[in-house]
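> Build out the structure end to end from the sequences listed, making use of the hints.
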Amino acid sequence: MRTVIVYDRVNKWGGAERLLLSLNKIFPEAPLYTSVYSPDSAKWAKAFPKVSPSFLQKIPGALNNHDKLALLMPLAFESFDFREFDLVISVTSEAAKGIITRPETRHLCICLTPTRYLWSGYDDYFNTLMKKSVSKIAVDYLRNWDKVAAQRPDTMIAISKEVQKRIKKYYGRESEVIYPPAGELKTNNLKLKINTHDYFLIVSRLVSYKRVDLAIKVFNELDLPLVIVGTGSEERKLRQMSKKNIIFTGRLTESELANYYYRSKALVFPQKEDLGLVSLEAQNFGKPVIAFYGGGAKETVINNKTGVFFYTQSVSELKNALKKFSGMKFSEKIIKKNSARFSEKRFKIELLKRIKNV
1 MRTVIVYDRV NKWGGAERLL LSLNKIFPEA PLYTSVYSPD SAKWAKAFPK VSPSFLQKIP
61 GALNNHDKLA LLMPLAFESF DFREFDLVIS VTSEAAKGII TRPETRHLCI CLTPTRYLWS
121 GYDDYFNTLM KKSVSKIAVD YLRNWDKVAA QRPDTMIAIS KEVQKRIKKY YGRESEVIYP
181 PAGELKTNNL KLKINTHDYF LIVSRLVSYK RVDLAIKVFN ELDLPLVIVG TGSEERKLRQ
241 MSKKNIIFTG RLTESELANY YYRSKALVFP QKEDLGLVSL EAQNFGKPVI AFYGGGAKET
301 VINNKTGVFF YTQSVSELKN ALKKFSGMKF SEKIIKKNSA RFSEKRFKIE LLKRIKNV
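For the sequence shown, the UniProt record's numbering assigns the number 1 to the initial residue and increments by one for each residue that follows.
Treat the hints as calculated values from the structure; they're not laboratory data.
Take the hints with a grain of salt, since some may be wrong.
[Claimed, not checked] Taking lysine-lysine pairs in the BS3-like style, the calculated list, with each CA pair at most 30 Å apart, reads:
id : residue 1 : residue 2
1  : Lys147    : Lys68
2  : Lys68     : Lys43
3  : Lys136    : Lys319
4  : Lys329    : Lys12
5  : Lys217    : Lys147
6  : Lys136    : Lys165
Now the structure itself:
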């Protein structure tokens, strides 16, 4: 079966990119099509036999300013020609689902979430009356296109029940949940340092909706050690508000990240995610998760067994959760067993079974 994989943009690293590498293992000969491709910031994509960007690649500054090209994204994905393929798998939280295929070409969409800045995260992205007024025409156009584009796949796969509900709410169509694989960090035979459990850990892109600022406020007050792994547009602001008990590592290799997971007390997960593969990475190491009770965390964390929930994104609630956590003991065996539910083997079996029925 001649297969091609389509993804919104290939210029970063995160949970979705791990999913793409899992697809690459299942379909090693499938090329990867995308809007823009940055070989320097997406070295993982070299695993694919070919990466084909759209015409947006030729626009100066497009690699790092893709968000300013939102109005061109529909045209970029509609311009691809997939007539030589039998199966197209789109992986998307934006426009990749909007590709146009011939009737004989099957299209399976793995939806990471309905386009966040148009739907569930609209008020976060357009957080002032002026922003909403200025962007209204563009947002209305993109919302209309997005609804039409969401009807094009033959099959829609949601990565969580949370995303499944959003697909129904915003696109009005049914979907099936197939959890993506959590994956295991490659340690390159690194000898992990002694498990000292001496700090709490956050692994995240440093952007506003991840609510790293909330964790910093709490750890500043409690003077507890916190290590923050990741980079992003909010990094300078977050560094400036942090006291000496909070350390930023920047971007790490998988081996380095494995060490930080291994030596941590727990992962702090203050955001509402579509699924949250980071929480599963931590559980792969037998580490409990202190998580906000929202989004995918409700599906990946078992309260009082593999972690502790807090129920509002507030300083007082997170402080109470940390206090509760300090008096609890967790079984590494139970935590690892929970993360095993999200294995790559299970993902492959469920996906291939679904493809047969597309």
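> Check each numbered hint from earlier against the structure, then list the numbers of those it violates in ascending order.
Of the numbered hints, 3, 4 and 5 do not hold.
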